[in-house]
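Those protein sequences? They're chains B and Y, same order as listed.
Each residue of the first sequence is one higher than the last, beginning at -8 in my numbering.
Each residue of the second sequence is one higher than the last, beginning at 78 in my numbering.
The set of hints was computed from the structure by calculation and includes no laboratory data.
Note that the Cβ used here is the ideal one computed from N, Cα and C, for glycine as well.
Be aware that one or more of the hints could be misleading.
Stated by the list, open to error - Chain Y regions said to be covered by chain B (calculated; three or more residues, Cβ under 8 Å):
1) 128 to 134
2) 164 to 174
3) 197 to 203
4) 246 to 252
5) 255 to 266
6) 285 to 294
To be verified - Partial selection, computed: residues in chain Y whose CB lies under 10 Å from chain B:
7) 84
8) 190
9) 193
10) 238
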Amino acid sequence: MLSRDTIELVVTAMVYIVLGMFLGNLILIALGMAPIIFLSLAILVGQPRVDSVVRTGKDVKINVDERISDSLMVRVSGGPGVVTVCDSLPGSFALEEGSNFRALWKGLKPLEAGFSYTAKCAKRGYFDIREVVYESWHPLQVSSNILGMTSARRTIVVQPQPLFVRKIKNHKGVSRIPMPMDARFRFGIPTTDFKEIRDYRPGDYYRDINWKASAKHLSLNKNRYMVNDYEREGRKVVWVFLDSATHMALGTAVSNTLEYAVRAALGFASFYLERDCMVGLCIYNHDATQWEGPFVSQEEALELDLPGLHQMEEALEAPPAPKEAPRQRQQTRVLYPDVGKRQQYRITKELIQVEINYSTESLKEVVHTCRRHILGTQPLFVVITMLEAANIEGVVEGVKELYKYTGSTAGRPSIILFNVQGYNIAAQSQGEKLAARILNYHAQPYYEVLRRMGVALVNWDPIEESFANALQRQRGVA
Amino acid sequence: MKTGFLRTIEAMVAVASTYMAAVTMIQTTLYHKLLEKLVGSPFGPWVEGNLSLINLAIILALVAASFTFWKRGDEAGFSRIFNLNMLLFFPSILDYSTFNWVGLIFDLEPTPGVSHLWVFMVGLLLQVTYLMLRYTIRIRHTWQELEARGAEEPDLENIAQGQLGYLSLLTCLTALITAGVYWAAPIIAEAAAKPLSQLSTPHLAAGIAVVATLGASLVFYLRGEA
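Take the sequences, apply the hints, and build the full model.
Printed below as a string of structure tokens:
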């Protein structure tokens, strides 16, 4: 299609010809032919045509902050003109070398040209790069540009880098952080692994009585036998709960609270899976606390027989309230506990896809969803979130729900609340850093509330300290 | 090649066309008539004594105006150059018109100082200038747009060179074909006069042929688009 400004050329030509006819002037009529001849030649010669775009890069799996290289070869035929080719990259890819955009001049001969680039993948995710956008321009833009897209597929899986916590492994100090030695099955056949010496309870085997300890105990006028207790058969269970609410987006697109939380989740999962624990993963959404509760029974309205009620004026009928759309609860993001590399792969795959509002269930709801898998075990719960003074209620409700399914018989459940301090991630200037500290300080009383509930609260400032340091900081007296 | 090269070409073309149009203008009947009026005025003796100086001053002033418009470098400036050139060129067109309306009004007998071929060649130069200036702006815009989109400097230079070469080739071909049309028109008219005179209504036949050609062109164009 002709571009708009070529119409001006036609109009100019027409003015010349009409004026030439009016004056009876052959020179003007002949000159009026010039723009039309110019346009006709330009259109007849045509503009370039992109035949193919070939990508040399193959599918690849890399870690966050690693680099990928790619090169593309373009074949162009048709008339002369300008061709631009652009390999569309995801927003989180930062170009380091070369360019993913190339502008080419196509002369009279067919053209074959290439370009290459290196990009840094700054964010985890599953990226399907396939669109190569090209644009063919007429040399003088007499006709409209031809926009096109060709598919040159390449899949890039950018995995989050787990935050390894090997330093904790050999630490001899006593830690307040409940490690999975506290998370065990209550059922199952006892193994030969000694666990502890405890008071005798009805039903215990006589052969398990530790006579030496009992004698010592009885000599102190404590009228109880002591028995040896052994580990039960079964794996220790760890549940990792990851928050995907909107407040986790605090920071930049590449470096935000959620990114650090995902890395922490992967760090916890790797740590416990390496120690033969069964690890489960639940993604929840703190924002869902506002509309949670479909499983809570609706209380019926009271029907009271009030005398004289019939004497009251009839109430005007209010227009029917618009029905609220039923809440979508399909987005249950739960990986039930399992062991081994397969579970590690599943968790990594799930964490690659996590984004803001990935789940639509609150912590309380997600615990309710998993309740059948929690009952009968005394697992370790790791809740990774960003604690804010305004949003503490949802966390408290979630913790209460955890108590509901684990706390009645076996004492308090082991809960680590891993608080990723998002304000510190977002703060750039000194003033912002000061504001972040004030906001964190403002949340201190709420930390105490959670600690009083028996939660081991770990505050982590990802900018200032490493993941391992944050965990080690929790050392203290048992 | 930077865009400075393009600007230099623009300046050369703009100044050359204005100069040629001005030189042609001072040799037209209308200009001479105006000078005659001026000679009849109280300044007459002075004008008569410095005629060549006045002509030179007018040419230089017009070239300077053209240069000023070029310096703006935008479409409005180039449009003014085109308008100025056409204004200067118009009196010479009148000298070679069958229906010289201005001449009839002011009772002018055409006595041009230049030949019709000269007038045509100057007109062709003006058209070439118009096309060149119009599309060198496009080339500069293309440069800026691609630069903003992250194109490399060597690629930009290559593209600008290619575009300029293409524009030069196209304007040269256009000038040649237009000149051919002007040269061939009297021959075609003479050849067509005899067969057309045998028709009872020759202008009607010619009209039908032209309309049919236009219609066919339109159909071919639309088909090509589809």
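Find the hints from earlier in the document that the structure breaks and name them by number, from lowest to highest. Structure breaks hints 1, 6, 7 and 8.
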